[in-house]
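> Whenever a hint applies, use it, and build me the whole structure from the sequences.
One line per chain: the protein sequences are F and B, in this order. Everything in the first sequence is counted per this note's numbering, starting at 1 for the first residue and increasing by one. Everything in the second sequence is counted per this note's numbering, starting at 1001 for the first residue and increasing by one.
In case anyone wonders, no lab produced these hints; they're calculated from the structure. This one's a predicted model, so the numbers in the text were calculated from it and none came from an experiment. Virtual Cβ for every residue (Gly too), placed ideally from N, Cα, C. Treat the hints with care, since some could be wrong.
Facing chain B, from chain F, some residues (calculated, C-beta under 7 angstroms) [to be verified]: (1) M1; (2) Y10; (3) A13; (4) D22; (5) V28; (6) W33; (7) F58; (8) W59; (9) I60; (10) L71; (11) S75; (12) L84; (13) T90; (14) T96; (15) D105.
Listed here are the chains, written in short residue letters.
Number of protein chains: 2
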Amino acid sequence: MSFDPSTLKYNDAGLIPAIAQDATSGEVLMMAWMNADAVAKTLATGQVTYWSRSRQSFWIKGETSGHRQELVDFSIDCDRDCLLVRVNQTGAACHTGRRTCFYTDVVDGVEIVTQAPLAG
Amino acid sequence: MSFDPSTLKYNDAGLIPAIAQDATSGEVLMMAWMNADAVAKTLATGQVTYWSRSRQSFWIKGETSGHRQELVDFSIDCDRDCLLVRVNQTGAACHTGRRTCFYTDVVDGVEIVTQAPLAG
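As structure tokens, then:
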């Protein structure tokens, strides 16, 4: 079946959550949001492109930082209301300089930071 | 730092997205939503518990189907507005009987179903 981004289910703001996973390590890197045009751009360019809710503009991941996400696989969930993109991540996915945004674990009721920012 | 579920950032409906990942294979299984009480229940019981938006009630994953998610790791992202739970998944995570909800890939502009329902 030919894929049409308009057939996905978007929230009231016209957005769908997209989970980015490292295609090599399997690490979950981040979750951000796409609108239908960002979905289309991601597929057309192979560069993962989100919609920035704070800036209200396209956010080509890594355009400024160089920490790009090259698309490897693009998956839709059963309800068509969530996306999974497997990527080749250059450098840090997180704006804090860490490889992934999920660097805080809750262990026995206490928050523990599990990763340091990447060197350089 | 002691963890307090009320310090997470919830959307206007009081919910936060939670990504479930197979702790062994690294496969991303599903994404669903938790409220603060579901977060607390998940941590207290070790059984991943979501908030069902359709039923407006707690959803102890697998309570009916037996396809439970035993919590292994609980992580918070940098913005505190998304969760990652690594789990031991019994059987299918997806209501279609597939191991994961992300069984549809977009390849060269065409949707391809990549997984069959589990046997049995």
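> With reference to the structure, classify each hint as holding or not holding.
Quick rundown of the hints versus the structure:
1. M1: holds (5 angstroms)
2. Y10: violated (14 angstroms)
3. A13: Not OK, violated: F:A13 not within 7 angstroms of chain B, min 10 angstroms.
4. D22: violated (9 angstroms)
5. V28: holds (5 angstroms)
6. W33: violated (10 angstroms)
7. F58: Given a least distance of 19 angstroms, the restraint on F:F58 is violated.
8. W59: Violated, about 14 angstroms.
9. I60: violated (19 angstroms)
10. L71: Violated. Min distance 10 angstroms.
11. S75: holds (4 angstroms)
12. L84: This interface hint holds because 4 angstroms falls under the 7 angstroms limit.
13. T90: It is violated, given that the least Cβ distance between F:T90 and chain B is near 18 angstroms, above 7 angstroms.
14. T96: Where the cut-off is 7 angstroms and the nearest Cβ of chain B is about 5 angstroms from F:T96, the hint holds.
15. D105: holds (5 angstroms)
Violated hints, listed in ascending order, are 2, 3, 4, 6, 7, 8, 9, 10, 13; each of the other numbered hints is respected by the structure.
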